[in-house]
Amino acid sequence: MAFKNSNMSLISTRDRLSYSPPIGIYTGSGASHSWLWFVQILDRMGFYNVHFVDEKDILSNALEPLHVLLMSGGDTFAIAESLGAEGSDQLRHFIEGGGLYIGTCAGAYLPLKSSMDFLNQFNFINVKISNISRRLSEPERPLVQKVACSSYGCDFVYHVVREEVVLEMANGYQANGKKEMIAPLYGGPAMLPSRDIEPIATYQGFTKRTKFLVEKELAQKTLVGNIAVAKKSMGKGHLYIFGPHFEHPHYPTCNLFLAEIIRKKQNGRLCPIQKDFYGHSVKGETLRNFLRDLKREVSNSRIAVSGMSDFTISWLIGNKYYEPEKIQVFLEVLWKRLTYLESGGDGAFDLRDPHGMISRLKGITDVLRKTKKGIDRGETTNGLAEDLFLNLKKVTSDLLTVYFSRKRMESIRSQA
Amino acid sequence: MEYLSANKITIVDLGTSKTVQKELDEDLVKENIGGAGITATLYEEYQDEDPIILGTGLLTGTLAPASALGLITAKNPLTGKVCHAPFTLYGGVELKYSGFDYVVIKGKSQKPVYLWIHDGVADVHDAKDVWGKDVWSSTETIRELMGDQLIQVLAIGKAGESESDFAHVCINYWASGDRWGFGQLFGQKKLKLVALRGMSLLEIADAEGFVRECKELLSTIKKGPFAGKKGIGELTAAIGEDIGKWLEPIIHRHLSCFNTPVPTNTFVFLDEDPKLLKESEKKEPGFLLSDIYGLLGFKKLGLSAADACALLKECAKYGIDAVAVSELSQKAGKKKPDEIKKFFSGLKGALESLGKGKFSPWCPKFGLPANEWDRRQAVAYIFGIHPIFALMSPELSEEKLIELANLGTGLGFTSEILDKVIADISK
Numbered sequence: 001m002a003f004k005n006s007n008m009s010l011i012s013t014r015d016r017l018s019y020s021p022p023i024g025i026y027t028g029s030g031a032s033h034s035w036l037w038f039v040q041i042l043d044r045m046g047f048y049n050v051h052f053v054d055e056k057d058i059l060s061n062a063l064e065p066l067h068v069l070l071m072s073g074g075d076t077f078a079i080a081e082s083l084g085a086e087g088s089d090q091l092r093h094f095i096e097g098g099g100l101y102i103g104t105c106a107g108a109y110l111p112l113k114s115s116m117d118f119l120n121q122f123n124f125i126n127v128k129i130s131n132i133s134r135r136l137s138e139p140e141r142p143l144v145q146k147v148a149c150s151s152y153g154c155d156f157v158y159h160v161v162r163e164e165v166v167l168e169m170a171n172g173y174q175a176n177g178k179k180e181m182i183a184p185l186y187g188g189p190a191m192l193p194s195r196d197i198e199p200i201a202t203y204q205g206f207t208k209r210t211k212f213l214v215e216k217e218l219a220q221k222t223l224v225g226n227i228a229v230a231k232k233s234m235g236k237g238h239l240y241i242f243g244p245h246f247e248h249p250h251y252p253t254c255n256l257f258l259a260e261i262i263r264k265k266q267n268g269r270l271c272p273i274q275k276d277f278y279g280h281s282v283k284g285e286t287l288r289n290f291l292r293d294l295k296r297e298v299s300n301s302r303i304a305v306s307g308m309s310d311f312t313i314s315w316l317i318g319n320k321y322y323e324p325e326k327i328q329v330f331l332e333v334l335w336k337r338l339t340y341l342e343s344g345g346d347g348a349f350d351l352r353d354p355h356g357m358i359s360r361l362k363g364i365t366d367v368l369r370k371t372k373k374g375i376d377r378g379e380t381t382n383g384l385a386e387d388l389f390l391n392l393k394k395v396t397s398d399l400l401t402v403y404f405s406r407k408r409m410e411s412i413r414s415q416a
Numbered sequence: 001m002e003y004l005s006a007n008k009i010t011i012v013d014l015g016t017s018k019t020v021q022k023e024l025d026e027d028l029v030k031e032n033i034g035g036a037g038i039t040a041t042l043y044e045e046y047q048d049e050d051p052i053i054l055g056t057g058l059l060t061g062t063l064a065p066a067s068a069l070g071l072i073t074a075k076n077p078l079t080g081k082v083c084h085a086p087f088t089l090y091g092g093v094e095l096k097y098s099g100f101d102y103v104v105i106k107g108k109s110q111k112p113v114y115l116w117i118h119d120g121v122a123d124v125h126d127a128k129d130v131w132g133k134d135v136w137s138s139t140e141t142i143r144e145l146m147g148d149q150l151i152q153v154l155a156i157g158k159a160g161e162s163e164s165d166f167a168h169v170c171i172n173y174w175a176s177g178d179r180w181g182f183g184q185l186f187g188q189k190k191l192k193l194v195a196l197r198g199m200s201l202l203e204i205a206d207a208e209g210f211v212r213e214c215k216e217l218l219s220t221i222k223k224g225p226f227a228g229k230k231g232i233g234e235l236t237a238a239i240g241e242d243i244g245k246w247l248e249p250i251i252h253r254h255l256s257c258f259n260t261p262v263p264t265n266t267f268v269f270l271d272e273d274p275k276l277l278k279e280s281e282k283k284e285p286g287f288l289l290s291d292i293y294g295l296l297g298f299k300k301l302g303l304s305a306a307d308a309c310a311l312l313k314e315c316a317k318y319g320i321d322a323v324a325v326s327e328l329s330q331k332a333g334k335k336k337p338d339e340i341k342k343f344f345s346g347l348k349g350a351l352e353s354l355g356k357g358k359f360s361p362w363c364p365k366f367g368l369p370a371n372e373w374d375r376r377q378a379v380a381y382i383f384g385i386h387p388i389f390a391l392m393s394p395e396l397s398e399e400k401l402i403e404l405a406n407l408g409t410g411l412g413f414t415s416e417i418l419d420k421v422i423a424d425i426s427k
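Those protein sequences? They're chains G and S, same order as listed. The first sequence begins at 1 in the numbering used here and counts up one residue at a time. The second sequence begins at 1 in the numbering used here and counts up one residue at a time.
Treat the hints with caution; some may be incorrect.
What the hints assert, rightly or not - So the derived list for chain S, only partly shown, Cβ under 8 Å to chain G, looks like this: (1) H118; (2) D119; (3) H125; (4) M146; (5) G147; (6) L201; (7) I239; (8) K283; (9) E284; (10) P285.
For the record, the hints were derived by calculation from the structure and aren't laboratory data. Even glycine gets a Cβ: it sits at the ideal position worked out from N, Cα and C.
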């Protein structure tokens with residue numbers, strides 16, 4: 001069995017891969033900001049063959065060349081609705097054809113059996129969850145309804161804790177040579193045993209950093225002993241489902257566990273890195289001006305969002321709440337990569353739409369400033385925020401595409 | 001330059017609206033340390049283009065106590081000498097973190113512009129939204145436009161726009177240490193303001209040693225004679241001017257500049273109850289006193305504390321040097337606030353209080369002989385230490401500052417190098 005009893009160390013440069021399987025990260029409708037955590041760990045561990053796909057890409061066969069699809073947190077309903085039946089077929093085809101699907105939080109709920117509209121097109125895994133209101137007693141239901149829950153037909157999916165939980169590895173799996181690990185939970189599922197899945201880890205308990213949203217007893221009843229991480233084989237491929245966010249960059253043991261799954265996906269097969277070409281090669285003065293323009297706009301956005309740091313506002317977009325801190329996560333990812341791109345010397349960059357990228361960033365700065373003014377005046381800013389997150393996802397994935405392309409080229413050069 | 005530095009200088013040509021960036025050469029730092037040592041060198045390099053140099057000291061923006069100083073170096077329009085003026089509060093720190101250690105502003109713009117310096121980017125913008133506005137309104141406009149209240153603004157008001165001899169470069173809404181009429185230079189260049197904001201980080205050569213030394217130094221300072229002292233009243237008392245009873249009724253709170261152990265500024269409420277504990281809902285409840293001689297000048301005219309502070313507020317809005325206003329008002333026999341305010345426009349005359357040296361007389365002498373005061377100011381302007389606090393705190397000795405500079409940069413500065421830099425900038 002893959003990586004059972006393997007002695008995994010924490011992330012270090014020696015974990016970097018010479019070759020990397022083509023990995024897709026879903027950034028489309030319903031994806032929140034946690035896909036950026038995947039970006040960080042892939043980058044840190046040397047997986048540079050990274051691509052970003054939204055629902056339109058998936059419907060246009062973008063999964064075809066990929067070996068791995070990473071589906072992170074967000075609004076499961078919105079993801080399911082945007083992908084629809086056709087997207088579900090694409091996903092099924094991808095997995096059955098040998099693809100690896102890794103879903104965390106919303107990405108974990110997506111393939112689970114459901115009778116809800118849109119979600120019922122993704123019944124890939126026959127498993128029930130424990131954090132659903134039908135499993136609560138009558139007196140317990142209102143207690144949970146008051147805190148964190150999402151409507152689910154006549155029922156609701158509820159969340160009992162945030163931050164850290166303790167997991168116990170199952171079926172001989174180990175994490176960094178140990179049978180226990182700590183992982184962050186932000187609304188992901190707890191699954192009941194099922195013949196359809198192989199449990200990899202179960203919820204075992206809590207730490208001092210666990211934030212209880214309900215009484216501890218109810219949290220224990222909902223989580224402890226139930227399945228946190230599971231695997232299912234489908235055709236030639238596999239689905240790995242994570243309730244906790246194993247991609248969270250503050251949890252290197254979790255990150256390494258994920259990386260090991262991706263690494264094993266190669267099955268010893270090397271995946272040669274190919275050069276991308278988007279048809280617009282820029283270099284020299286044009287490149288320097290482009291990077292300076294990018295920097296100017298990312299900086300303007302960073303400054304505008306830092307002006308919101310005292311706000312306690314959140315925006316409900318679909319079924320998911322977004323706060324100004326999430327904007328900062330996008331902008332910091334952009335800023336760090338820009339710094340790297342700036343230090344790239346005089347080489348050429350292949351860019352899909354450099355002017356579009358700059359103009360989108362200017363638009364983001366503009367919307368951020370309008371949003372702040374709107375909040376100051378007590379106006380509703382949900383529409384602005386919706387537009388903002390949409391554009392942030394687009395511009396971030398565009399820049400990261402350039403970034404990973406650059407990293408791959410460097411990797412090729414260093415191996416030549 | 002790897003440590004305690006953004007490693008960049010930007011050269012802004014207002015004639016073309018173009019900006020160029022250069023690396024901060026480590027040799028330049030080794031020879032001139034920082035602050036006035038380097039702004040003076042840059043002034044010489046660009047002197048044919050009538051530059052204004054903005055800079056930070058080597059330790060500005062670090063954990064070093066009172067490392068709050070930013071400075072403007074330019075030719076004093078009143079004396080023709082190259083001089084240095086301080087700006088404190090959070091201006092120096094924000095410049096350091098904006099991605100540039102030094103900014104050279106050369107040439108003249110044809111139309112009013114402002115400079116937006118942020119995260120290693122320097123942009124020249126059309127100033128149509130702020131030209132003609134007073135300092136307060138300009139600061140407010142820029143902060144709203146950019147969406148951040150933490151932006152630090154060096155701005156001129158109507159005095160600068162009309163190129164008054166006593167035009168003052170303000171910091172945000174308040175008076176800075178510009179006693180040289182540098183606001184006139186801004187006006188001549190059609191430069192309305194410089195807005196600063198940055199979120200970069202500084203690297204430290206020996207981070208552990210540097211932090212340890214800073215903590216020890218701070219602990220020693222806290223046991224010193226100024227421990228527990230607060231506000232502008234203590235500073236005036238130290239130069240023999242007791243304003244305690246006069247000012248006390250309108251004091252709301254005292255404020256420190258960045259990382260400065262003693263709050264040297266006092267906020268007075270003019271349009272609000274000074275005893276109010278919650279945040280005032282009034283848009284302009286009062287004024288931040290940071291100019292000792294401006295305050296004393298109006299007191300000497302026989303004004304009440306409230307009238308004196310209200311006039312200081314008007315001076316700041318107009319962007320005019322309050323010391324010049326008070327001295328020339330005295331000479332002209334004007335003693336009523338309204339007539340003094342009308343006097344701002346077209347203010348002319350010779351000042352007895354005009355500084356003769358290189359460093360702004362904004363900072364009191366505290367009884368020190370002129371040569372000692374000059375040396376201590378030079379040290380503060382080189383390392384980026386608040387010039388008033390540098391005089392208040394013997395604990396921040398030259399040896400300690402050199403030691404911190406060496407821990408921070410690993411460059412091996414010596415007292416001989418410091419002596420040479422001081423001699424160079426004092427010429």
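Now the hints, each set against the structure:
The closest approach between the C-beta of S:H118 and any C-beta of chain G is roughly 5 Å, which is under the 8 Å cut-off, so the hint is satisfied. The restraint placing S:D119 at the interface with chain G holds, with a minimum CB-CB distance near 4 Å, inside the 8 Å limit. The closest approach between the C-beta of S:H125 and any C-beta of chain G is roughly 11 Å, which is over the 8 Å cut-off, so the hint fails. For S:M146, the interface hint holds, the least distance from its beta-carbon to any beta-carbon of chain G being 6 Å, beneath 8 Å.
For the restraint placing S:G147 at the interface with chain G, the shortest Cβ-Cβ distance is roughly 3 Å, inside the 8 Å limit, so the hint holds. Violation of the interface hint for S:L201 is found here, the shortest Cβ-Cβ separation to chain G being roughly 11 Å, above the 8 Å cut-off. Because the beta carbon of S:I239 sits about 39 Å from the nearest beta carbon in chain G, more than 8 Å, this interface hint is broken. Nearest Cβ of chain G to the Cβ of S:K283: about 13 Å, over the 8 Å cut. The hint is violated.
Look at S:E284: its Cβ only gets to about 17 Å from chain G, farther than 8 Å, so that hint breaks. Nearest Cβ of chain G to the Cβ of S:P285: about 18 Å, over the 8 Å cut. The hint is violated.
When each numbered hint is compared with the structure, violations occur for hints 3, 6, 7, 8, 9 and 10.
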